[in-house]
Amino acid sequence: MLVAEIMTSNPVTITGNAPAARALHIMDEMGFHQLPVISSSGHVVGIVTQRDCRQAASANGHSHKHTTVNTVMSPAPIVVEPQTPVQEAARLMTEHHVRCLPVMRGETLVGILTASDLLIAFMRTLEPAPGS
Amino acid sequence: MLSQLKVSDLMTKSVISAQPDSKLSAAKALMKEFGIRHLPVVEHGVLAGIISSGDIREAAPSDATTLSVWELNYLWDKLTVGEVMTRNVVSVDANEPFIDALRIMVARKFSSLPVVHQDVLVGILTETDVFHKIIALAEAEMVQA
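Going down the list, the sequences are from chains A and B.
All residue numbers for the first sequence refer to the numbering used here, where the first residue is 928 and numbers rise by one.
All residue numbers for the second sequence refer to the numbering used here, where the first residue is 19 and numbers rise by one.
Since the hints were made in silico from the structure, they are not lab data.
Worth double-checking, as some hints may not be accurate.
[Stated by the list, open to error] Anything over 12 Å on all C-beta distances counts as not near chain B; from chain A, calculated:
#1 942
#2 948
#3 956
#4 1004
[Stated by the list, open to error] With the Cβ distance kept under 10 Å, some of the chain A side facing chain B (calculated, not the full set):
#5 957
#6 958
#7 1011
#8 1015
#9 1020
#10 1024
#11 1048
#12 1052
#13 1053
#14 1054
Computed from a predicted model, the values in this text were never measured in an experiment.
Just so it is clear, CB atoms sit at the ideal spot from N, CA and C, and this is done for glycine as well.
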């Protein structure tokens, strides 16, 4: 099974100079735990998590509204290609302690693969096929 | 057969836990030391709750208060795990089919599930345990092919 079969295509992104509070708002609204961060030129430059934003909020108190995504994100994320086997994605998440991998075709972000996507895919392989 | 996998086949057996009367600061230190985000809470061997790094962060006094550092530290030192933990913790039995536990993790968006046997905590099932299984199965398939 390949990453392309189980990833979320056309993911919601945020720019690095956006306020962290806005990133948190988007994640809360849409039920996401993380967002890929893109530069003004459209390149993926990091991943920002709910946790990153909440930690910034509790550490910075009132000045939180001036904190930008750039300063709280994890830069240079581990990425995969659509043709990467899912077990390789699972290995990367385990080794690097991340729960989300941007999926890149060349320089273009085409999807995002989360730990939940992997769990759901594995669950489906274990479930008996309908009608069998 | 994959469908016959049990929770005990995948879970992590050496589970790090806290007690209700543990200091919150001690629980936080444990999580940091072992790089984990959830600690099952055990009282007399029985699973009594679970505490997450998020629970601890929310319980910590806000920096926006007018309290002094000394007052903050005093308050922080008095808080125990039992005051902050989630009591109605969802757990699975070690003998349950793994697929049932996985369904709970997916439906409830849990990254880990405490595993009990006759109410006693015997392990924890995490996303990482599931990933290790995915990798092992793929490797076994390659050997067969």
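### Message
Please verify that the nearest CB of chain B lies beyond 12 Å from residue 1004 of chain A's CB.
### Response
18 Å, holds
### Query
Are residue 1054 of chain A and chain B close enough, Cβ to Cβ, to be under 10 Å, as the hint says?
7 Å, holds
### Status of the stated non-contact between residue 942 of chain A and chain B (beta carbon gap over 12 Å)
26 Å, holds
### Query
Do the numbers back the hint for residue 1015 of chain A, that is, is its least Cβ distance to chain B under 10 Å?
8 Å, holds
### Query
Checking the smallest CB distance to chain B, is residue 956 of chain A really beyond 12 Å?
16 Å, holds
### Message
So residue 948 of chain A supposedly isn't at the interface. Is its beta-carbon more than 12 Å from every beta-carbon in chain B?
### Response
Label holds. Min Cβ-Cβ 15 Å, cutoff 12 Å.
### Query
Is the interface hint for residue 957 of chain A satisfied, with its Cβ closer than 10 Å to some Cβ of chain B?
13 Å, violated
### Query
With a cut-off of 10 Å, does the beta carbon of residue 1048 of chain A approach a beta carbon of chain B closely enough for the hint to hold?
9 Å, holds
### Query
At a threshold of 10 Å, is the proposed contact between residue 1052 of chain A and chain B supported by beta-carbon distances?
Holds - the Cβ of residue 1052 of chain A comes within 10 Å of chain B, reaching about 8 Å at its closest.
### Task
Would you settle whether the hint for residue 1020 of chain A is holds or violated, based on the nearest Cβ-Cβ distance to chain B being less than 10 Å?
6 Å, holds
### Message
Does residue 958 of chain A hold up as a contact with chain B if the rule is Cβ-Cβ below 10 Å?
### Response
9 Å, holds
### Message
Interface hint check: residue 1011 of chain A, Cβ to nearest Cβ on chain B, cutoff 10 Å. Holds or violated?
### Response
This interface hint is violated because 12 Å lies over the 10 Å limit.
Hints 5 and 7 from the earlier list are contradicted by this structure; the remaining hints agree with it.
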